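Heads up: the protein sequence lines correspond to chains A and B, in order.
Following my numbering, the numbering of the first sequence begins with 4 at its first residue and continues without gaps.
Following my numbering, the numbering of the second sequence begins with 88 at its first residue and continues without gaps.
Do not take every clue at face value.
[What the hints assert, rightly or not] Taking lysine-lysine pairs in the BS3-like style, the calculated list, with each CA pair at most 30 Å apart, reads:
1) K144/B x K76/A
2) K6/A x K76/A
3) K144/B x K19/A
4) K96/B x K76/A
5) K6/A x K111/A
6) K73/A x K144/B
7) K19/A x K73/A
8) K144/B x K96/B
9) K73/A x K6/A
10) K111/A x K96/B
Rather than coming from a laboratory, the hints here were simulated on the basis of the structure.
None of these values were measured; they are calculated from a predicted model.
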Amino acid sequence: AQKITQTQPGMFVQEKEAVTLDCTYDTSDQSYGLFWYKQPSSGEMIFLIYQGSYDEQNATEGRYSLNFQKARKSANLVISASQLGDSAMYFCAMRGRNSGNTPLVFGKGTRLSVIA
Amino acid sequence: DSGVTQTPKHLITATGQRVTLRCSPRSGDLSVYWYQQSLDQGLQFLIQYYNGEERAKGNILERFSAQQFPDLHSELNLSSLELGDSALYFCASSQTVYNSPLHFGNGTRLTVT
């Protein structure tokens, strides 16, 4: 079974600053994938970035990067140069390879507010 | 645009009623997932179908049921509705590899009055 923990219910960041959203996970699978999603106030779930457990490099997608520390079982999302449009809920999720084609397990999310 | 289509976008109904939510997955995706998101809650997994067959079950109530049809679209049926069933219901689809993301539809916002 997998478990995702996001310990920051809410975060504030100044526009143009960088922010790190924390995510720790627990799994017995040796191979697994870690995902981050963004949910703006309009409600849709937007896939942001993926990190595989055997990927040697940290994943990056534009202003999003994933600080992956396998030994610490953490997969923190870093947003650089924050914009007002980044204000949203952010969810960390995972799925294990040995779990087969099973659903993603989500954390409870972090609400990010970007201040002008 | 995720490529996943959910209808209707909004649904308002009374307690005790039954509703059907519909989902068309992305082209080529065989897996369909249903999630429930209540106010200020995370996403609760309900049920998963793969190529027409039930693959995994989460915290789905007995009053709820789902199916996936031969054309891969899926329906989630909610019956004997209660006030607490008011939530945002998401459908998602994915390819059949563990490292592929789920792509979500825009959700159906259900309000039970």
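Exercise for the section: Would you check the hint for K144/B and K96/B, treating anything up to 30 Å between C-alpha atoms as holding? Expected result: Satisfied, since the Cα-Cα distance of roughly 24 Å is no more than 30 Å.
Problem - Distance restraint between K19/A and K73/A, which requires alpha-carbon spacing of 30 Å or less - result: 29 Å, holds
Exercise for the section: Please work out if K111/A and K96/B have their alpha carbons no farther apart than 30 Å. Expected result: Status holds; Cα separation ~24 Å.
Problem - Distance restraint between K96/B and K76/A, which requires alpha-carbon spacing of 30 Å or less - result: Roughly 37 Å separates the two Cα atoms, so the pair is violated.
Practice task
Given the hint that K73/A pairs with K6/A, test it: the Cα-Cα distance must not exceed 30 Å.
Solution key: 15 Å, holds
Handout entry: 30 Å limit on alpha-carbon distance, applied to hinted pair K6/A and K111/A
Key = Holds - the C-alpha atoms of K111/A and K6/A are around 11 Å apart, at most 30 Å.
Problem - Agreement of K73/A and K144/B with the hint, judged by alpha carbon distance not exceeding 30 Å - result: 29 Å, holds
Problem - Pairwise hint evaluation, K76/A against K144/B, where the allowed Cα distance is 30 Å at most - result: 26 Å, holds
Practice task
Would you mind confirming whether the straight-line C-alpha gap from K144/B to K19/A stays at or under 30 Å?
Solution key: 42 Å, violated
Problem - Agreement of K6/A and K76/A with the hint, judged by alpha carbon distance not exceeding 30 Å - result: Distance of about 11 Å is within 30 Å: holds.
The earlier numbered hints that this structure contradicts are 3 and 4.
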